[in-house]
Amino acid sequence: MRERSLQENLMKAVFLISTLISILTVALICLFLFANGIPAMGKIGFYQFLLGREWSPSDLPPAFGILPMMLGSLYVTAGAILIGVPVGILTAVFLAKVCPKPLYRVLKPAVDLLAGIPSVVYGFFGLVTIVPMVRMLFGGNGSSILAASLLLGLMILPTVIGITESAIRAVPGELYDGAVALGASHERAVFRVLLPAAKSGILAAVVLGIGRAIGETMAVIMVAGNQARMPEGIFKGVRTLTANIVLEMGYAAELHREALIATGVVLFVFILLINLLFSALRKGGRP
Amino acid sequence: MRQKITDTLLRVATWLAAALTFGALFFLIAYILTRGIPYIKPSLFALHYNSQNVSLLPALVTTVLMVLLSLAVAVPLGLFTAIYLVEYAKRGNPLVRMVRMTAETLSGIPSIVYGLFGMLFFVTWLGWGFSILAGTFTLAIMILPLILRTAEESLKAVPDTYREGAFGLGAGRLRTVFRIVLPAAAPGILAGVILAVGRIVGETAALTYTAGTVAQIPESLMASGRTLSVHMYALSSEGLYTGQAYATAVVLLVLVAGINTLSAALAKKIGKG
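Chains as they are written, first to last, in this note's numbering: chain A, 27 to 313; chain B, 9 to 281.
These are calculated hints, taken from the structure and not from any lab test.
Any given hint might turn out to be false.
[Claimed, not checked] Calculated lysine-lysine pairs in the DSS-like style (CA-CA distance at most 30 Å, straight line):
{"no.": "1", "chain 1": "A", "residue 1": "Lys309", "chain 2": "B", "residue 2": "Lys12"}
{"no.": "2", "chain 1": "A", "residue 1": "Lys123", "chain 2": "B", "residue 2": "Lys98"}
{"no.": "3", "chain 1": "A", "residue 1": "Lys225", "chain 2": "A", "residue 2": "Lys309"}
{"no.": "4", "chain 1": "A", "residue 1": "Lys134", "chain 2": "A", "residue 2": "Lys38"}
{"no.": "5", "chain 1": "A", "residue 1": "Lys225", "chain 2": "B", "residue 2": "Lys164"}
{"no.": "6", "chain 1": "A", "residue 1": "Lys309", "chain 2": "A", "residue 2": "Lys134"}
{"no.": "7", "chain 1": "B", "residue 1": "Lys164", "chain 2": "B", "residue 2": "Lys277"}
{"no.": "8", "chain 1": "A", "residue 1": "Lys123", "chain 2": "B", "residue 2": "Lys277"}
{"no.": "9", "chain 1": "A", "residue 1": "Lys123", "chain 2": "A", "residue 2": "Lys225"}
{"no.": "10", "chain 1": "A", "residue 1": "Lys134", "chain 2": "B", "residue 2": "Lys164"}
{"no.": "11", "chain 1": "A", "residue 1": "Lys309", "chain 2": "B", "residue 2": "Lys98"}
{"no.": "12", "chain 1": "A", "residue 1": "Lys123", "chain 2": "A", "residue 2": "Lys134"}
{"no.": "13", "chain 1": "B", "residue 1": "Lys164", "chain 2": "B", "residue 2": "Lys98"}
{"no.": "14", "chain 1": "A", "residue 1": "Lys38", "chain 2": "A", "residue 2": "Lys127"}
{"no.": "15", "chain 1": "A", "residue 1": "Lys123", "chain 2": "A", "residue 2": "Lys309"}
{"no.": "16", "chain 1": "A", "residue 1": "Lys38", "chain 2": "B", "residue 2": "Lys12"}
{"no.": "17", "chain 1": "A", "residue 1": "Lys127", "chain 2": "B", "residue 2": "Lys277"}
{"no.": "18", "chain 1": "A", "residue 1": "Lys123", "chain 2": "B", "residue 2": "Lys276"}
{"no.": "19", "chain 1": "B", "residue 1": "Lys12", "chain 2": "A", "residue 2": "Lys225"}
{"no.": "20", "chain 1": "A", "residue 1": "Lys127", "chain 2": "B", "residue 2": "Lys12"}
{"no.": "21", "chain 1": "B", "residue 1": "Lys276", "chain 2": "A", "residue 2": "Lys127"}
{"no.": "22", "chain 1": "B", "residue 1": "Lys164", "chain 2": "A", "residue 2": "Lys309"}
{"no.": "23", "chain 1": "A", "residue 1": "Lys134", "chain 2": "B", "residue 2": "Lys277"}
{"no.": "24", "chain 1": "A", "residue 1": "Lys134", "chain 2": "B", "residue 2": "Lys276"}
{"no.": "25", "chain 1": "B", "residue 1": "Lys98", "chain 2": "A", "residue 2": "Lys134"}
{"no.": "26", "chain 1": "B", "residue 1": "Lys276", "chain 2": "A", "residue 2": "Lys225"}
{"no.": "27", "chain 1": "B", "residue 1": "Lys164", "chain 2": "B", "residue 2": "Lys12"}
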């Protein structure tokens, strides 16, 4: 009897310690990122860092302004949303309300596959198909905001489709039936009744899509051109926050290195804000 | 009349969007398979990488190693945390709120941020250097929220009558958890683990500055090594081995398809149970 209660208490302690370690990891991540990144912002100057238009770490004196990269992330993400969200929502409508059952059994795993394909594979695919296409149609060297937006638009599709589809399916069937009983056509019932009822879920899908697009790194590096200058148009190259870190971390030292970590901090804060927005939307969706 | 036109337009748009989505997926897969399969030769699976054979076998071995090690760290940690939250913590325990906040904060963080942290903490601060160990722990932290959440959901889904029955028969809490609750929750927990495997296999950004990019089979945990995704990134950015990059993409696609099939089979099992 005593032996067993000893065992009980021991395992309870193990479970508790695991819990504490899980919490500790987040604390550590925040601590290490902020402790390494914030001082750099102080040294560079908070405004010079966030609003500086020039990033030239090897110049004398060096300039560490990440505004070009922030705008780069912003434009590329906006492009991805413009492309991915309408297509994603309509595809979700197709899956939930239009597509016949046998077809659904094929298409649902296809969406999962789309979600599972590694981002390097997407990046490589973009590099060999989208970039040459943009080059041929619009000139320039092809690596551009447009190429990155197209590729990211494709990459956020499974996120948008998955969440939108379950949001549509969560709408009570009576709403659709009622609309049809009142004389609405199938399309009108879906687009005027079902979609508005699933609004908060769809918004959550968009927000999560934004998060994925901002955070994507390798695929963007492979198609965006990565020039650290203010964006000059959608057919020109651009560098995102994520790309900035990966491209230069390999050889950066001292303040340059710290500035890259500070770039990571900015990214981290962006995503935290998006997460807050996402959970607010999720809660708003539940009555 | 106008409504009819709108209806038709909407119907066409819906079909078009679906065609676009699945057409793009089909094109991507067909493109990579047709260009990659001709390059899948025995030399691609040589034991040692060199610039002649551009072997992906070392990367494949490293990938399997990383998956196993990361799971060995993250699964117990995530599962035990979930057990504590669901089976032990009392209502309103502040730890529960903190863990939930933790998981929420961590999910959606870009992998490059994990990579940065791994570099700062494991590689530099703990002095592990670019190593399998540093990569493993970085990945483990990355998949922890996923494992934690799915485990928590699956444990919660086990009906309380199971627990009451076990307690009524005189089983202790620990015995109830391990003999009754965990087996019932196993498919859901496994589904989360498989999702995590998929994320590890596809990861690149979190690994380049933690595990490094050495293209050989690592000799120890402190040696550097590249997973298949990192290998593929290296090949495509070097630009010399495009054919082999396609072939690597084929292997990655096959891996992902396998992982997806597994998780679909599990999902079916959960649905039945």
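Problem - Violations among the numbered hints, reported as their numbers in ascending order - result: 1, 2, 4, 14, 16, 25 and 27
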